[in-house]
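**Student:** From just these sequences and the hints, can you work out the full model?
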Amino acid sequence: MSLTDLDSLAARVPDGSKLAMPPDNSLPSVALAKALVRRGARGLRLVGVPTSGFATDLLVGAGCVAEVETSAVSLGEAGFAPRFSAALKAGEIVMKDATCPAIHTMLQASEKGVPFMPLRGIIGSDILAHRPDWKVMDNPFAEAGGDPIVLLPALQPDFGVFHAVMSDSKGNVWLGRKRECATIAHASKASLVTVERVVEGDFLADERLAPGCISATYIDGIAIAERGARPVALLDEYRMDTAYISEYARMAKTAEGFREWLAIHVFETRAAAAE
Amino acid sequence: MSDCKPEEFLAATICRLVLDPSAPTARHVAVGAASPVPAAACYLAQKLGYPIRLSLLARTQGNPFSDGTRELFDLTGQGRIDLFFLGGGQIDGEANLNLVGTGEWPGGTSHGGVRFPGSFGSAFMYMMTPRIILFREEHSPRVLVQKVDNISANGVSPPGVFRRGHAQALVTARCVFRFHPDRARFSLASVHAGETVASIRAATGFDFDAGDEVPQTPLPSEQELALLRGAVCDEMLETYPDFCARVFGRKLAA
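Respectively, the protein sequence lines represent chains Y and H.
Sequence positions in the first sequence follow the numbering used here and run 1 to 275.
Sequence positions in the second sequence follow the numbering used here and run 1 to 254.
It is worth saying that the hints were derived from the structure and are not from the lab.
The reader is advised that the hints may include incorrect statements.
When the alpha-carbon atoms are kept at most 25 Å apart in a straight line, the in silico BS3-like pairs for lysine-lysine are as follows [as the list claims (entries may be wrong)]:
hint: 1; chain 1: Y; residue 1: LYS18; chain 2: Y; residue 2: LYS189
hint: 2; chain 1: Y; residue 1: LYS112; chain 2: Y; residue 2: LYS189
hint: 3; chain 1: H; residue 1: LYS147; chain 2: Y; residue 2: LYS96
hint: 4; chain 1: Y; residue 1: LYS96; chain 2: Y; residue 2: LYS189
hint: 5; chain 1: Y; residue 1: LYS135; chain 2: Y; residue 2: LYS18
hint: 6; chain 1: H; residue 1: LYS147; chain 2: Y; residue 2: LYS89
Just so you have them, the derived chain Y footprint on chain H, three or more residues with Cβ under 8 Å [as the list claims (entries may be wrong)]:
hint: 7; segment: 48–61
hint: 8; segment: 126–134
hint: 9; segment: 158–172
Only a predicted model underlies this, so the values are computations on that prediction, with no experimental measurement involved.
A virtual CB, placed ideally from N, CA and C, is assigned to each residue, including glycine.
**Tutor:** Right, here's the structure in full:
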């Protein structure tokens, strides 16, 4: 199996790579996002599946990102994503707006190895008007003709990046019902995963664990990162750390405050004042 | 009823729209992440005895989906979600929703404008769900505009474009509007206590229809209030702890 350390995992991601990540209601690897900031990654193209949250704002703020393709960027209850909003306003990143099921569908096309898939809805939305790569054609099966429908191109990220509860001796990872991470893994050329722990055995040989498992077929690198989703929740193992997100939201309002936050929480060159 | 909180009143108001006998029956209702008031409205309908399957996207314990976040959209694509709730940073007189931003696309540039989080699933859900209830507490000319800056999700579609339904109503902190897809216009259905047709006109950026006599939105009954503060709050504590603490004064046991 492909167990390594966190910084080595981050070193495998070349500048300019396209990275698919789940949002804060799923299992983002905030630990790997921080490691990418430490390595000074540049020009990353992020895909939020289907939306983006804390890890995206962090990477954008640190100057690692050239493009974001997603259906929304938000810190949830803590409000709008401050560094994303600032970078967009300053013209530092390209934003490709999508809508949630379109992101899923484009990845599903990659899962199946087909060039495109159709999706209902969207016709009449300015989202479509600003996506020259999305096409509309008449449903070829409509008996009476007509019936326009949107066609979405297959989306194949270079890397799927997410956090999981655990991996086993075979390099399978387990994350329960967060199956959007399986879609990410199936559709991406390679997947890099952080886990809380590594356990003996084979999840695929266990009928109770197998349905929440992603096979090692799709996983190219694993690193242990305890509390690697923090401040995001990990299933029923730990809750969302709302105080941590609120502190980030407050400090990241300014570029200076964000740099200070990075020094404390990413580079750890400064201790938190209150601690 | 003077101690009825605005959120309780709005939940009871939305509950009546959910149960509206003139609308297609809501058997399976989905409620998005940041929507505690619509969630309370749907739980209230359940507790009043109506057999509604309620899928709360934000639910951590006992989340209804086990096949990833695409499952909601796959269900909706098939027509198996009867009712969903949407809002918007801007909503216009043709029920177009803007969740992306104001000013130049994609909303917010050095030339001005504000970026909102993004469209989420609205461009799909609005067209694929038989019934949508629009809910936005802030009722001001800033939010309710004549024409949205960006159409994230369109209120009506041209003939020949597949669409299952439209907005049923728009509920704000001031009134309830009905939407009429045939003429792509809202009409004023009822005003909340303290409001008049004139005050609604003054606070609304779009033109709408209104009869000579517009009724007042009814207040929640004692039974509805008791259910909201009891059985509905019980259901919502785990998913919406801050809302339950603020509105119902109840905290989740540690």
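**Student:** Determine for every hint whether it applies to the structure shown.
**Tutor:** Here is what the structure says about each hint:
Distance check on the hinted pair: Y:LYS18 and Y:LYS189 sit about 10 Å apart at the alpha-carbon level, within 25 Å; holds. The hinted pair formed by Y:LYS112 and Y:LYS189 meets the criterion: a straight-line CA distance of about 13 Å does not exceed 25 Å. Distance hint between H:LYS147 and Y:LYS96 is fulfilled; the C-alpha atoms sit about 23 Å from each other, no more than 25 Å. For the hint linking Y:LYS96 to Y:LYS189, the alpha-carbon distance of about 21 Å falls within 25 Å, and the restraint holds.
With a CA separation close to 22 Å, the supplied pair Y:LYS135 and Y:LYS18 stays within the 25 Å bound. Of the pairs offered as hints, the one joining H:LYS147 and Y:LYS89 holds, with about 23 Å between alpha carbons and a cut-off of 25 Å not exceeded. A stretch counts as covered by a chain when three or more of its residues have a beta carbon under 8 Å from one of that chain; for the segment 48–61 of chain H and chain Y the count is 4, and the coverage holds. Under a criterion of three residues with beta carbons nearer than 8 Å to beta carbons of chain Y, the stated coverage of the segment 126–134 of chain H is upheld, 3 such residues being counted.
With 4 residues carrying a beta carbon less than 8 Å from a beta carbon of chain Y, the segment 158–172 of chain H meets the three-residue requirement, and the given coverage holds.
Violated hints are absent here; each numbered hint is respected by the structure.
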